[in-house]
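Visitor: Each chain, written out:
Number of protein chains: 6
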Amino acid sequence: MRPNKVRQKWEQGKAASNFWLSSDSSVVAEFAAHLGYDSITVDAQHGFSDNSDMLGMIQAMAATSSIPFVRLRWNEPGQIMRALDAGAYGLICPMVNSADDARHLIQYAKYPPYGERSWGPHRAILYSGSDYRHEIDETVIVLPMIETKAGYTELDSILEVDGIDGVYVGPSDLALSLGFQPVADTQEPKVWAAIEDIANRANAANKKCAIFCGSVAMARRARDMGFHLVTVTGDIGSMVSAAGAALSEFEK
Amino acid sequence: MRPNKVRQKWEQGKAASNFWLSSDSSVVAEFAAHLGYDSITVDAQHGFSDNSDMLGMIQAMAATSSIPFVRLRWNEPGQIMRALDAGAYGLICPMVNSADDARHLIQYAKYPPYGERSWGPHRAILYSGSDYRHEIDETVIVLPMIETKAGYTELDSILEVDGIDGVYVGPSDLALSLGFQPVADTQEPKVWAAIEDIANRANAANKKCAIFCGSVAMARRARDMGFHLVTVTGDIGSMVSAAGAALSEFEK
Amino acid sequence: MRPNKVRQKWEQGKAASNFWLSSDSSVVAEFAAHLGYDSITVDAQHGFSDNSDMLGMIQAMAATSSIPFVRLRWNEPGQIMRALDAGAYGLICPMVNSADDARHLIQYAKYPPYGERSWGPHRAILYSGSDYRHEIDETVIVLPMIETKAGYTELDSILEVDGIDGVYVGPSDLALSLGFQPVADTQEPKVWAAIEDIANRANAANKKCAIFCGSVAMARRARDMGFHLVTVTGDIGSMVSAAGAALSEFEK
Amino acid sequence: MRPNKVRQKWEQGKAASNFWLSSDSSVVAEFAAHLGYDSITVDAQHGFSDNSDMLGMIQAMAATSSIPFVRLRWNEPGQIMRALDAGAYGLICPMVNSADDARHLIQYAKYPPYGERSWGPHRAILYSGSDYRHEIDETVIVLPMIETKAGYTELDSILEVDGIDGVYVGPSDLALSLGFQPVADTQEPKVWAAIEDIANRANAANKKCAIFCGSVAMARRARDMGFHLVTVTGDIGSMVSAAGAALSEFEK
Amino acid sequence: MRPNKVRQKWEQGKAASNFWLSSDSSVVAEFAAHLGYDSITVDAQHGFSDNSDMLGMIQAMAATSSIPFVRLRWNEPGQIMRALDAGAYGLICPMVNSADDARHLIQYAKYPPYGERSWGPHRAILYSGSDYRHEIDETVIVLPMIETKAGYTELDSILEVDGIDGVYVGPSDLALSLGFQPVADTQEPKVWAAIEDIANRANAANKKCAIFCGSVAMARRARDMGFHLVTVTGDIGSMVSAAGAALSEFEK
Amino acid sequence: MRPNKVRQKWEQGKAASNFWLSSDSSVVAEFAAHLGYDSITVDAQHGFSDNSDMLGMIQAMAATSSIPFVRLRWNEPGQIMRALDAGAYGLICPMVNSADDARHLIQYAKYPPYGERSWGPHRAILYSGSDYRHEIDETVIVLPMIETKAGYTELDSILEVDGIDGVYVGPSDLALSLGFQPVADTQEPKVWAAIEDIANRANAANKKCAIFCGSVAMARRARDMGFHLVTVTGDIGSMVSAAGAALSEFEK
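These protein sequence lines map, in sequence, to chains V, G, L, R, F and Z.
When you number the first sequence by my numbering, it's gap-free, plus one each residue, and the end is 252.
When you number the second sequence by my numbering, it's gap-free, plus one each residue, and the end is 252.
When you number the third sequence by my numbering, it's gap-free, plus one each residue, and the end is 252.
When you number the fourth sequence by my numbering, it's gap-free, plus one each residue, and the end is 252.
When you number the fifth sequence by my numbering, it's gap-free, plus one each residue, and the end is 252.
When you number the sixth sequence by my numbering, it's gap-free, plus one each residue, and the end is 252.
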């Protein structure tokens, strides 16, 4: 079984890095996977990829050691299983508001007897190895997103759901839900208080915490705060900021 | 007729900026077109787009004032006309080695009586306006690339070809052809001597010169040297450099 | 914020026109958007587009003043948010049978505190403008379809749901549900009685009513009956009727 | 109305053959459809096709007498209707665990008054004929999958659901759910006992039974056991086994 | 061997009808193929399809009796053979200016000993039948376009080229080349004189003549003038005219 | 630099195996690449892939040790360079009839000073390594096809062309050109005499010979005859034969 590099980093006591793919291009994905991040997330929710794009993007990562995550479109059985069959080693599920939501996610993300995931990981076996059946439920990382007031309120019960590895914080939506602007790199003290609280409670529960960041500074702050998996930047974001800066510099 | 923003810049005596698209994604193209560059080039030669990708990418730019260029796959009638029918306002043609090559390019890039371009710009009319027939031959910018020893040798005769607006320097291939490493942001004095010579001879011939740059510093240097159109950076390049730097910074 | 042309027409007391896209082609979409209709609907239910097609089609409209609507595949959070993130300024939701269905639609179509739409409208901001966060909930038009006996029965309670702009009548399904043939351009008096009743009750509730029409005659009848948004024809329908007529005429 | 070849076989008292498409290619689908199988299933669950791929694959079958089945991604209204609108003459629905699940499937697979399928089978009419409205509910074959312990337990009540033509056995998932390895061509006596029991109870209830097989030997065994529709092999499976054998033979 | 319906019409002494596909959608192609035209042309020159689109569009026609034509991107071996391998029963080649151009076209369109077409018509055999090898060179219709002054001048020698079935007139380019506006439905007497002259000389040479028309009236005029194959209208054209008229009528 | 497995086999004095991809699916390509063949050819001539499909298929092979070959659509600079930029480690060029044809192929397949290939192998570097510039011209295998009477006649001069690694025999076209049926697994003694002659002359010239085979028996015969690279079977071929045999066996 191909190991999950994020778990390996965790076993070494280190935070793992993550890169975010909003675009729909297997070419962009392949360049991203060669950057050296521990993991790459295909964003099937707010990104622009369909299932067939997602598959091509994950295929394009297979020659590297960056492992594929998928941010699911929604907490739906069909989507959960398509992402896993494509070879995902990590699932980030948006808008989990309760332990029931989290249990629903696990139900379709794990094979019997732990869940009811349906068998058919044809391509995933090519990526992972022939012992997929016996290893995947321990290999895949499943992270419900905490990004609503409801989810934040239910954090402790969500963290207790069997099969969950931890939680992933969506700071934009969390800020929005708490009444602030939806800015990834927020400076709002109340949002940061919530972020830190989530990290602390996840650590206290012996679970992992992960987060989307709007800047490297934020990523470093999150890492130092105890986050185990940190999305540092992404394809569109890094292109837009670098290319915009280049134009300004050129036009000076 | 929608004006050609690059020509407008030229009429103001300014250098125009260009952004390079190697990827195949209309989403990336749309984000790029909102950055404010004067023009965006879809690279159909070393980029990853097919004709249908090129079309979607050009469509995605139409709501902005960045005008679409295409770097042709090759100096072939079918490709030249597909790029123009898609709405291109600029053509960059690789590996032009002689005045005959340049005349071949013009032959299929201009309508009778100047050339033999075939009629059918259905989509281009949507983009440009109903006076396309009468305006396009004066609107479109056609730039043969000078990127081989042969092309450099024939520079003056290429610059004299009727219908050519100027030349576009490919520094990587030019360096390679002159016996150096194919590095866009080259430091080779002999390559720079050739680049400067091309700029001077194009200016002396009252033609435009354009160039692909490997860094903003190079872009500024080229602009100050008299280049009229400067490719400052591109999608994959800016993403890779910014995302690589972010990872290094995160892992410190 | 780019204005919603349909709302502008409504503010002028006029009915807005709508064109329907069943095909999956961004090229067809761009030609359609240049026809002058106030709005263009990508049909993600009975049409042939996937999410990536939908995105390309909406991108291709952006240079025109025709605003994009999406007829959702189904009343599902993932689909609702993909359509809005793509830039939709109008949502038409099939098979809404109750006020609960309508509330579910609104829940995922509006940002907190009105709903629970998740943040990430990267491309929509390119289309709309940087004040998207503050304007979109007032800009987007949300129309549950009344096209079943159940939905018709619950019309008044559906019209009362907060956030709903009005209702969209699907005459084929409504006819089918009432026991008649599913013909868009139906002549059934009982179906027309229902259609007129829906228009009247929507107007009485100070809400908008919209409708899919099978002919221009029907479209005019609907407009004169008080409908505020009228789908006049669509891509496949207009091509099939015009091209079929041309063949008959040719073969005479 | 184009007849359903599987029903024709059944009327002749014969078992019908089925071929499975996991890939996403209309080219592969067209070659498959020319092999002579009675039916071809596009696997939208564990296969690699999106809705647009599914449509192209079904279009590519239309010139043959092999009729299209779709194994649904999930028991969801949007997916059920997309498959039927694309022209499917058979639906195989994964993970049906109860009579309620089966009724949900029928609800969206049949037109009023039997169900609530929404009207819009534009392409399906091209394939089937103009009497689609009156014939399709009797033509299409709807088969919930029995592939979980829960579904197996509820088999009799599922078989009683009005509109269901029978059941389709997923031996891999059934084996997994019963505590065995998920192998299509299983040799487990307890799994085979369940398979045979399902066949017997379906036959006793005057319903059809169908099954996915991992080998021709298994397919023949199933047919002789009373299965009415037998998936004999598929695209990826047959390619991998034949091409693997060829390499072994070549390297001897 | 599946017969070529256009040849059948010719054998009956009738003009054959043709429909033009500029879009890139297999869905549009399938609807078009069900309209009843004798033949459908995929326009790979000024249309928007790549080779993979062309293939899907041709696949979608296979269940109908409308036979597929391809207007080639250019007179290139690779393109000629891709169109034929996809199953084309007719080739329309743009911008043929001389007998040499026509011979080049035939060289790659016919198998040895008549030409040098390369073997590999895998999909074409599915469409045509197993006797493809022996029948296709007599079945396929090859039509160089006469649409330039040069081609018109060389008409007689082009008509004499062995393997050519006749010529196809492109009136827009012909008008442009003769110094007039490129309008398909031209009223220019000098263009019509040329058109009629081409028809007469083709008929005199016992060859076929075909033409693209900008209106049904023009199509009828061409038919009555002796044209054997008449492109009556197309997908984008018929949609734009019908949908534009509908909007005008609605807005009255 | 990632080594070329075919060259490695050759250095061990062994024949290398090759698998042929006619389909257009990256999924099929990934399954194929896991079969263990030394090399996989994407057929861009008679197969169904466009450039973007080719790229996705080659990306999907990168995690395996099977190296990518491309059979070019035609001997055209644009196509040659697209295949190499995509990462091809082998080129098979159809219909090479003379030493001039072979020199044209080499001219665009090798960097200066050996040829005029243009720089821009962005993705190829990801696959191969950062020393691509210095290694690729020695790594890539370039094989003109001998498949016409003309090419066979010119065999010796073709074998002498600098940069050519050997020749690839297309037995179907060769048979056709010699006046026989185009059958890959031909039994014609005169065709086999030519095949053996080509093998002998290539070996005598210290060049490699390669061949497409229609059966494993033919593949073994070719290997034993001295062929260094043998295409044993392909995706569509192996699927069709295995799936057809399964149906026959099932229906017994």
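Any given hint could turn out to be false.
Where chains are identical, the list cannot tell them apart; a pair therefore holds if satisfied intra-copy or between any two copies.
Taking lysine-lysine and the DSS-like style, the derived pairs with C-alpha atoms no more than 25 Å apart in a straight line are [claimed, not checked]:
1. 9 x 149
2. 190 x 149
3. 9 x 207
4. 190 x 5
5. 252 x 14
6. 190 x 252
7. 207 x 5
8. 5 x 252
9. 252 x 9
10. 14 x 190
11. 149 x 252
These aren't lab readings, by the way, just hints derived from the structure by calculation.
Visitor: Determine for every hint whether it applies to the structure shown.
Guide: Consistency of the hints with the structure:
Taking identical chains as interchangeable, the C-alpha atoms of residue 9 and residue 149 are never at most 25 Å apart, the minima being 30 Å within one chain and 38 Å between chains. In this homomeric assembly, residue 190 and residue 149 come within 25 Å of each other (Cα to Cα) only inside a single copy, at 12 Å, whereas the closest approach across copies is 48 Å. Taking the closest pair of Cα atoms, residue 9 and residue 207 come within 25 Å of each other only inside a single copy of the chain (15 Å); across copies the shortest separation is 50 Å, beyond that limit. For the identical chains of this complex, residue 190 and residue 5 are neighbours neither inside a copy (33 Å) nor across copies (39 Å), given an alpha-carbon limit of 25 Å.
In this homomeric assembly, residue 252 and residue 14 come within 25 Å of each other (Cα to Cα) only across copies, at 12 Å, whereas the closest approach inside a single copy is 42 Å. Neither within a single protomer nor between protomers do residue 190 and residue 252 lie at most 25 Å apart by alpha-carbon distance, with minima of 39 Å and 28 Å respectively. For the homomeric pair residue 207 and residue 5, the shortest alpha-carbon distance inside one copy (17 Å) is at most 25 Å, but the shortest distance between copies (45 Å) is not. When the C-alpha separation of residue 5 and residue 252 is checked against a cutoff of 25 Å, the pair qualifies only between copies, where the shortest distance is 19 Å, while the shortest distance within a copy is 43 Å.
Taking the shortest alpha-carbon separations for residue 252 and residue 9, only the inter-copy value of 15 Å comes in at or below 25 Å, while the best intra-copy value is 43 Å. Taking CA atoms no more than 25 Å apart as the test, residue 14 paired with residue 190 passes in neither setting, with 27 Å inside one copy and 47 Å between copies. In the homo-oligomer, the alpha carbons of residue 149 and residue 252 never lie at most 25 Å apart, since the shortest distance is 45 Å inside one protomer and 34 Å across protomers.
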